[in-house]
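Enquirer: Fit chain L to the supplied structure of chain U, relying on the hints for placement.
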Amino acid sequence: MNAFLAAFWAETLKARRSKVSLLTFAGFSILPLVGGLFMIILRDPERARAMGLISVKAQLFTAGVADWPTYFDILLQGMAIGGAIVFALITAWVFGREFSDHTVKELLALPTPRGIIVGAKFVLTALWMLGLSLLIFVIGLAIGAAVDIPDWSLKLGWTSFRSLMTTALLTIMLMPFVAWFASVGRGYLPPLGWAILTLVLAQVAGILGWGDWFPWSVPVLFSGMAGPPAEQVGVHSYIVVLLTFIAGMVATFAWWRSADQAR
Amino acid sequence: MSFAIETDGLSKSYGPVRAVDSVNLRVGPGEIYGFLGLNGAGKTTTIRALLGMIRPNAGAVKVLGQAVGPNGRGPWRQVGHLVERPAAYPELSVRENLEIARHLQGIADRSATSLVIERLGLASYADRKAGALSTGNLQRLGLARALLHEPELLILDEPANGLDPAGVVEIRELLASLAHEKGVTVFMSSHILTEVEGHATRIGIIHKGRLIEELEAEELDGLRSRRLEIKARNLEAAQDTLAKAGFAVKASENTLYLSEARAIDAPDEVATILVNAGTPPIRLAVEQENLEDHFLRLTGEKE
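So the sequences go chain by chain: U and L. Just add 23 to the spot in the first sequence (first one is 1) and you have this note's numbering. Just add 490 to the spot in the second sequence (first one is 1) and you have this note's numbering.
What the hints contain is simulated information worked out from the structure, not anything from laboratory work. Worth double-checking, as some hints may not be accurate.
[Claimed, not checked] Residues of chain L placed beyond 12 Å of chain U at every Cβ, according to the derived structure:
#, residue
1, Gly518
2, Pro655
3, Ala666
4, Leu725
[Said to hold, decoys possible] Derived DEER-like restraints, expressed as beta-carbon distance ranges:
#, chain 1, residue 1, chain 2, residue 2, range
5, U, Arg185, L, Thr625, 49 to 55 Å
6, L, Asn561, U, Gly257, 38 to 44 Å
7, U, Leu158, L, Ser667, 50 to 56 Å
[As the list claims (entries may be wrong)] Computed footprint of chain U on chain L, listed as stretches where at least three residues anywhere in the stretch have a Cβ under 8 Å from a Cβ of chain U:
#, region
8, 530 to 544
9, 566 to 575
10, 592 to 599
Note that beta-carbon positions come from the ideal geometry of N, C-alpha and C, so glycine has one too.
Isolated chain L (complex conformation):
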C-alpha cells in the first residue's frame, strides 16, 4: 500500500533535547489523522520534518510516495500546509496575500483566489489588510492558502486555533467533506481533543517525542476504560456497604467509582445491594472515559 505520509525512525534533536524520537508514521490516502500531544511533545517538529523545513538527525520521510528534502525537495504542488500560528504580509490585503501564494504555487487560473476566499468565508475581508485581521480570520487566511491549490494532502498544525465555536464546526465540516468527497488526506495536530475525536479516522498520540499510541477511531471505544459512578446521600455508608460486598471502591469528594466488570455489567445488582443496606443511590451511571481522559492517562498527566 502506498501511504500519503510515511516516516521511518524519524528523529530530531536540538542540542541535548530530543524533540522527536524514532517516530514511525503511516497515514493512508483519504484518512483524517489526528495527531495529539501536549505542548512541546514534538507535534510541530514532526510537521516541519514532514514539510522538509528541518533536516532529521535520523530516519526518512516520504510524502505522497516521494522522499522529502534535503534542499526543500518534495511533492509540494499536491500538499497544503499550515504550520503553527498563521502568518501573512501585514501591509497586503487578504486577496494580495493569496495572490502571492497563487503565483508561488504556479496556478495560472486567476479565479482560484476568489473561489478559496468564498469557501473560507473571507469575502467581506478580501480587501482588508492582513495586519488588521482578527486571529480567527488570520487562521482562515492560513487555511485558505493551504487549500488554494486543491491539494491531495493537507498537513495542518492546530487548524482550529483562534476560531470561534461556529468556525471550529465549519472548518471541521469542511475538512471532513474534503476527505469524504474528494479523497483528500488530512494530517492535523490538535490540542482540542474533541475536535479530533469527532471526525478523525485515526489518532496518533505523541509524548516527549515518541509516538506512544496509534489507533483507529473504532478502536478508541474499546480502549477507553469504563466505570460505574455512584452518588448517595450518605456516601461513607454506601462506600462501606460496597466494600463489604467485595468491590474495590474509589471515592472522590461526592462520587464513588467502581471499575470492575461485574459492577459495570450489572449496575442493577449494585443498586440492589445499596438499597438493601439502606443507602440507596441517588445517581448510578456507567461512564465511558472520553479521549481527553484517555490521553491524559496515557501521557501520565492524570491517574
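With the rest of the complex left out, here is chain U:
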C-alpha cells in the first residue's frame, strides 16, 4: 500500500466524519447568499428603501449597482477576508485536533513516516480549501442566475473565476504558518490567534502603504478591496507570499520530524 495514499485516506476519513467539513461549507456558502441578497435589494429600490439599514449598507458597499461585475466583486472580496478565516479554521482543525484529542502519539512511531502524514494533511487542507472556493463560485453562479443579475458575459465569468481562485490560492499559501502554530501550540487557540493577528496586521500594513510587501495583505489587495489590484500587487508581492509558504512548510515539517513529543 502506498504510504502517502494510506495517510491521505486516513486524513479524508477524519475530515468526512467531522462536523467541521459541514460547518466550513455552511459558513462559506453564506458569501454568495449574501451577495445574492444584495443584488435582490439593489434591483428593487422600493424594496431597498423599505428594508432600511440593510439597503443602505448594500448601496454603500456596491455603489448601488446590481450587475454581475459588482456581484463578482462581492464574492472576491468576501473570499479574501472570509477565506483567511475559514481556511485558518480548516488548517487549525486538521493539525490542532491531533493535539486536542491526544492522538498525535499514535502518529509518531509508525512505518508511515511523519513527513508523509504531514504532507497528507497539507494536501487534504489544500484540496478542501480549493474545493470550497470552487463550490462558492458555482453556488455564486447559480444564485446570480436565479436572481437574474444583468450584464453577464462569459469573459467576465472566466476572469472572475481566475481572480477568485488566485485569491484562494494566495490565501492557501499563507496557511502553513497556521499549521505550524497548531503544532507548536498543540491545539486550536494558537493558530486561530495567529490568524486573527495576521488579519489585523494586514490592515495596518495596508494603511501604512506596505501591504504589497506584507504577505498577509496580498490576497486582500489582489481582491481589489483596497483599490485596483494591478496598481499595488506586483511580482515582489507574489514572491513574499511564496517565501512565506516555503518557510511555513519547512518549519512545520521540521517540527513534526524532530520536536519532543512529551505530552
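Expert: Showing chain L alone in chain U's frame:
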C-alpha cells in the same frame, strides 16, 4: 546476545528536572519486562524515548537491534505501543479508528481489523463511536491498535489502566500467551504491582529517573525479606518475654515482628518460649514481603 530493547546511559531532562538519568536497560527477546515506578519516576519518559517520541539529552536507544531516532526512525512495523492514556478519534467508530491504524501500519489484509476486534472483545462495540466508549473499552481499543499488526515487541504504558478485574486478568493472560506462544517481547510499565508480579519474567524499578533495581522474577523470592508475625492476647508481656530471650522485637498496635533468622527458621522455639512464659501466641506466621512492600521499601516510601 541481541536485545529487543537496549539503552545505554539514557538521560532526559526538562529544564532543571532530570526525568530520566543514565538508564541502562536490557530486555531480551521473549521476555515480559515489568517496569515499575511511582508517578513521575520516569516510566513514561523512558517509554517515549524508546519510541523515538523524545530526543534524549544523552545516551542511545536501540529497539530490535535498530537505533531509534532522530526523525522518527525505528523498526516500527515490528513494534506495537500504548503510551499513557489511550486516545482515539472520538467521532470515528472503533472499527474506523483501527482501519486508520491498519492503513498507517501498511497492512493490506483487511481481515486484520476484524481479527483484533474479536481478540480484544470489542465486537459488540465495533460500530460505536470512540467518543462514547467507557475508559476500559477505550483501553481495549488502544491495546487492539498495539496488537493489530502482530508486532514482535510490545511497549505498553500501564496496559491494565481502566480495565475491570476480569479485563485485567484477560489482558494479563493475552500478553502471557503472546510471549509464550509467539515469542513476543513485552515491555510494560505498571503501578499495579501484583499485575507485574504474576507474570513478568524480569522486573526493573525506576525511581527519580534512575533504574535502582533490576531483577529476575526468581530472584524476587530471595530478595524479599521475611519476618515472623506474632499475635498474643497480652502483647506487652509477650514482647517483654521475647526481648528477655534476646530477640530484637518490633511492634505495631496488635502484632509483634521478628526478623532474625533464628526466629524465622524456628518459629516452634519462639512459640515454646511464649507458652512457657504464660503468654501463648494466638497467631504465629512467617510472612514474606510482597513486591509492593519490597518496592515501597526500595523507593523509601516505607520503612
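Enquirer: Any Cβ of chain U at or closer than 12 Å to Pro655/L, or is the non-interface label fine?
Expert: holds, 26 Å
Enquirer: How does the Cβ-Cβ distance of Asn561/L and Gly257/U compare with 38 to 44 Å: does it lie in that range?
Expert: holds, 39 Å
Enquirer: For the region 566 to 575 of chain L, does the count of residues with a C-beta closer than 8 Å to a C-beta of chain U reach 3?
Expert: Per the Cβ count (7), the hint holds.
Enquirer: Regarding the assertion that Gly518/L does not contact chain U, is the least Cβ-Cβ distance greater than 12 Å?
Expert: holds, 21 Å
Enquirer: Say whether it holds or is violated: Ala666/L keeps its Cβ farther than 12 Å from all Cβ of chain U.
Expert: holds, 24 Å
Enquirer: Quick check: the region 592 to 599 of chain L, covered by chain U? Criterion 3+ residues, Cβ under 8 Å.
Expert: holds (count 6)
Enquirer: Range first: 50 to 56 Å. Now tell me if the beta carbons of Leu158/U and Ser667/L are that far apart.
Expert: Since the Cβ atoms of Leu158/U and Ser667/L sit about 53 Å apart, the hinted range of 50 to 56 Å holds.
Enquirer: For Leu725/L, which was marked as not at the interface, is the minimum beta-carbon distance to chain U over 12 Å?
Expert: holds, 52 Å
Enquirer: Take the region 530 to 544 of chain L, compare each residue's beta carbon with every beta carbon of chain U, and decide whether three or more fall closer than 8 Å.
Expert: holds (count 6)
Enquirer: Within 49 to 55 Å or not, the Cβ separation of Arg185/U and Thr625/L?
Expert: Since the Cβ atoms of Arg185/U and Thr625/L sit about 54 Å apart, the hinted range of 49 to 55 Å holds.
Of the numbered hints stated above, none is contradicted by the structure.
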